[in-house]
Amino acid sequence: MTTTIATPHPLREQLAWLVYRVGRSPLMLAGLIITVLVLACIVAAPWLSPYSPNALKLTERLQAPSALHWFGTDEVGRDLFSRVIFGARQSVGVGLFVAFSSCAIGGMLGCFSGVIGGAFDRVIMRVMDVILSVPSLVLIMALAAALGPSLFNAMLAITLVRIPSYVRLARGQALSIRQMAYVQAAQAFGASRWHQVHWHVARNAMPPLLVQFSLDIGNAILMASALGFIGLGAQPPTAEWGVMVASGRNFILDHWWYSTFPGVAILITAIGFNLLGDGVRDLLDPRQKGK
1 MTTTIATPHP LREQLAWLVY RVGRSPLMLA GLIITVLVLA CIVAAPWLSP YSPNALKLTE
61 RLQAPSALHW FGTDEVGRDL FSRVIFGARQ SVGVGLFVAF SSCAIGGMLG CFSGVIGGAF
121 DRVIMRVMDV ILSVPSLVLI MALAAALGPS LFNAMLAITL VRIPSYVRLA RGQALSIRQM
181 AYVQAAQAFG ASRWHQVHWH VARNAMPPLL VQFSLDIGNA ILMASALGFI GLGAQPPTAE
241 WGVMVASGRN FILDHWWYST FPGVAILITA IGFNLLGDGV RDLLDPRQKG K
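When we follow our numbering, the leftmost residue of the sequence shown carries the number 1, and every step to the right adds one.
For the record, the hints were derived by calculation from the structure and aren't laboratory data.
Quick reminder that beta carbons are idealized off the backbone N, C-alpha and C, glycines included.
Don't take every hint at face value.
Unchecked claim - Label pairs and their computed distance ranges (CB to CB):
(1) Ile271 to Ser150: 24 to 30 Å
(2) Pro65 to Leu147: 36 to 42 Å
(3) Ser192 to Gly148: 17 to 23 Å
(4) Arg122 to Pro236: 33 to 39 Å
(5) Phe189 to Ile268: 38 to 44 Å
(6) Leu147 to Ala188: 28 to 34 Å
(7) Ile268 to Asn54: 49 to 55 Å
(8) His195 to Pro65: 33 to 39 Å
(9) Asn204 to Pro65: 29 to 35 Å
(10) Ile268 to Ser150: 22 to 28 Å
(11) Leu147 to Ile252: 46 to 52 Å
(12) Ala119 to Asn204: 35 to 41 Å
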């Protein structure tokens with residue numbers, strides 16, 4: 001009679017370790033909960049909002065929060081709860097678009113710069129240094145003003161300014177990884193630059209880029225809201241949190257709810273993504289694997 005010893009499944013072990021690590025980090029758990037709730041609101045916005053975000057009802061203008069209008073109404077009678085829910089699609093969508101685009105473009109450009117080296121590397125890094133020498137918010141506002149006020153132009157401006165951070169991070173990883181034996185072997189066997197970057201360098205440079213990506217979502221939301229507040233981002237009557245805060249500042253003394261609820265939405269969402277980013281950084285830290 002033979003007996004077999006069950007061996008633990010690697011994927012199951014990793015999932016158990018992940019659940020354990022998240023459970024031991026209250027701040028990451030809070031960030032994960034906030035992020036999941038915000039994303040759920042984005043998906044379920046048509047079912048969660050009791051009114052259309054742009055439905056006008058002048059007879060109910062500037063009403064305080066009540067059972068009929070949970071967050072009150074604005075100066076033309078639009079339900080603020082519905083606008084905050086739909087505004088998550090605009091604000092969080094900007095954050096996800098900016099973080100993904102800048103990570104993909106900057107990460108790949110930095111990997112190629114580190115692997116190819118030479119004049120290509122020098123030109124790329126000097127351009128990145130020029131962009132980084134200007135304060136981020138000032139450059140974003142200048143680009144948004146030059147491109148014209150719109151949500152898409154705001155996303156484009158923020159993406160262009162965030163790319164250099166990923167280029168420098170990816171290049172630093174590439175300079176280290178290209179010295180590894182398996183990369184040297186691939187090069188000796190005639191592997192193309194694209195093969196080296198795609199199959200060896202980019203994949204191993206991914207962990208720090210993912211950490212930067214998760215942290216950048218909250219920052220992009222704040223930047224997009226700032227552009228909307230000063231009139232360089234989304235334009236009325238778009239339900240976007242920064243625009244809503246700007247519209248409500250004229251009524252803040254007598255109608256506090258107008259700016260308060262979209263402002264709180266910006267704050268909670270940014271905090272949630274930042275806490276999640278800190279947790280991702282801890283999870284990908286090799287020193288934490290045995291803890």
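_Broken hints, by number_ = Hint check: 3, 4, 5, 6, 7, 8, 9, 11, 12 fail, others pass.
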